[in-house]
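Asks: Spelled out from the first residue to the last, the chains are:
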Amino acid sequence: MVRKLIIIGSGPAGYTAAVYAARAELKPLVLAGEKSGGQLMNTGVVENWPGAGEGVMGPELMIEMRQQAVKFGAEMVDKQVTKVDLSQRPFKVWIGEEMHEAEAVIIAIGAESVMSGVPGEKELLGRGVATCAVCDAPFYKGKITYVIGGGDAAAEDALALTKHAKEVYLVHRRGELRASKIMVKRVKENEKIKILWNTELKEVIGKDKVEKIKVKDNQSGEERELVADGVFLAIGHKPATVMFKNQLTLDEKGYIKVSMEYPAVTQTNIQGVFAAGDVVDYRYKQAVTAAGMGCQAALDAEKWLEVINN
Amino acid sequence: MAAVILTDKDFEEKVEKNQGVVMVDFYADWCGPCKMAAPIIEELSDEYKGKVVVAKMDVDANQQTTGKFGIMSIPTMIIFKAGKEVERMSGFTGKEGYVKLIKKALGEA
Numbered sequence: 301m302v303r304k305l306i307i308i309g310s311g312p313a314g315y316t317a318a319v320y321a322a323r324a325e326l327k328p329l330v331l332a333g334e335k336s337g338g339q340l341m342n343t344g345v346v347e348n349w350p351g352a353g354e355g356v357m358g359p360e361l362m363i364e365m366r367q368q369a370v371k372f373g374a375e376m377v378d379k380q381v382t383k384v385d386l387s388q389r390p391f392k393v394w395i396g397e398e399m400h401e402a403e404a405v406i407i408a409i410g411a412e413s414v415m416s417g418v419p420g421e422k423e424l425l426g427r428g429v430a431t432c433a434v435c436d437a438p439f440y441k442g443k444i445t446y447v448i449g450g451g452d453a454a455a456e457d458a459l460a461l462t463k464h465a466k467e468v469y470l471v472h473r474r475g476e477l478r479a480s481k482i483m484v485k486r487v488k489e490n491e492k493i494k495i496l497w498n499t500e501l502k503e504v505i506g507k508d509k510v511e512k513i514k515v516k517d518n519q520s521g522e523e524r525e526l527v528a529d530g531v532f533l534a535i536g537h538k539p540a541t542v543m544f545k546n547q548l549t550l551d552e553k554g555y556i557k558v559s560m561e562y563p564a565v566t567q568t569n570i571q572g573v574f575a576a577g578d579v580v581d582y583r584y585k586q587a588v589t590a591a592g593m594g595c596q597a598a599l600d601a602e603k604w605l606e607v608i609n610n
Numbered sequence: 141m142a143a144v145i146l147t148d149k150d151f152e153e154k155v156e157k158n159q160g161v162v163m164v165d166f167y168a169d170w171c172g173p174c175k176m177a178a179p180i181i182e183e184l185s186d187e188y189k190g191k192v193v194v195a196k197m198d199v200d201a202n203q204q205t206t207g208k209f210g211i212m213s214i215p216t217m218i219i220f221k222a223g224k225e226v227e228r229m230s231g232f233t234g235k236e237g238y239v240k241l242i243k244k245a246l247g248e249a
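The listed protein sequences derive, respectively, from chains L and V. Numbering-wise, the numbering used here puts 323 at position 23 of the first sequence, and it's gapless, one number per residue. Numbering-wise, the numbering used here puts 166 at position 26 of the second sequence, and it's gapless, one number per residue.
Only true hints are included.
Facing chain V, from chain L, some residues (calculated, C-beta under 10 Å): (1) PRO359; (2) GLU360; (3) LYS379; (4) LEU425; (5) GLY426; (6) GLY428; (7) VAL429; (8) ALA430; (9) THR431; (10) CYS432; (11) VAL434; (12) CYS435; (13) ASP436; (14) PRO438; (15) ASP508.
In short, the hints are calculated from the structure, not lab data. Positions of the beta carbon are idealized from the N, C-alpha and C atoms, including for glycine.
Construct the entire structure; sequences and hints are all you get.
Replies: Structure, rendered in structure tokens:
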């Protein structure tokens with residue numbers, strides 16, 4: 301069976317595309333991945349989702365978006381896409397051995413968190429090294445914690461930790477934070493958070509759990525070891541586009557290039573293949589911008605399907 | 141069969157004295173990735189019925205056991221064989237990751 305539309309991904313872009321495509325009666329198949337829901341599944345309160353003045357929990361927002369798409373007829377499969385062939389129509393998408401075909405594809409697979417790659421990080425993951433501060437902060441009651449990064453995610457992690465930990469340090473390799481102004485202000489006004497500027501994580505040390513970290517001051521070159529119970533990684537994200545290499549035009553950082561031109565701003569270099577959200581966006585990376593692009597991609601796909609079927 | 145709900149009180153009896161294979165999902169209600177794992181845990185409890193006892197423990201309500209096993213990240217899955225920890229995995233890995241862990245513990249991998 302050749303479907304009209306396959307959507308790959310399940311963050312705000314993928315689910316919004318699914319809502320719109322389902323309402324347009326395209327019966328989209330959403331390949332949501334094993335870890336469906338995207339990055340918001342690892343966050344706490346989202347304060348900048350328009351209409352949710354009291355804030356909304358990230359995971360709840362995503363579960364609701366998904367249900368909304370299902371209500372209008374989107375089909376969800378929580379499996380990981382392993383291969384695509386976009387060289388001819390219908391486009392082919394594989395989940396292991398299982399192959400699906402569609403006349404149009406929306407790629408909204410998002411970005412994945414970057415690990416630091418330093419020694420000890422992998423070995424001590426879940427034993428003091430963590431990637432979800434909102435999940436794990438309560439385990440650090442009275443403990444010494446370090447957050448690695450300087451963006452909004454790092455700021456949110458540091459603030460979440462202040463409610464539990466004894467000491468919270470933000471380790472950032474630059475001399476200023478790239479987080480939004482409101483988050484920077486909250487971090488700086490919080491007496492519990494101390495920022496280690498121009499500092500890089502070099503090693504996580506510990507036998508069965510994190511005991512120390514080694515950091516390097518990148519101005520003086522000086523290295524030192526600090527006693528630590530927890531290390532929270534919030535370095536950043538990279539687009540999950542390895543699978544699309546050699547098929548779609550990517551930029552030098554691996555983001556999928558889209559036309560950015562009317563009447564189909566989400567069009568990739570292949571007609572009928574659209575992309576939306578963090579897989580495209582190296583600049584804004586917000587739930588609401590991703591959702592907006594997801595909507596555009598669905599409308600672009602709908603238009604494209606009309607054209608080829610007439 | 142639904143996943144077995146464990147507490148500090150019955151952990152010893154249901155896990156440490158169990159001579160078979162038990163997988164325990166340490167979770168909390170406020171954790172997004174745990175919510176995604178929950179339905180998968182239920183599926184696994186059906187799929188491995190008779191081979192593996194699939195159980196879950198709310199870390200907030202059961203801090204004694206959580207502390208004893210040094211749980212510092214949720215969700216964390218621990219597999220026990222004859223009452224001894226044999227495998228552990230932190231973070232939501234999707235169903236595939238949990239299946240791999242079970243297979244490893246059962247010696248099928």
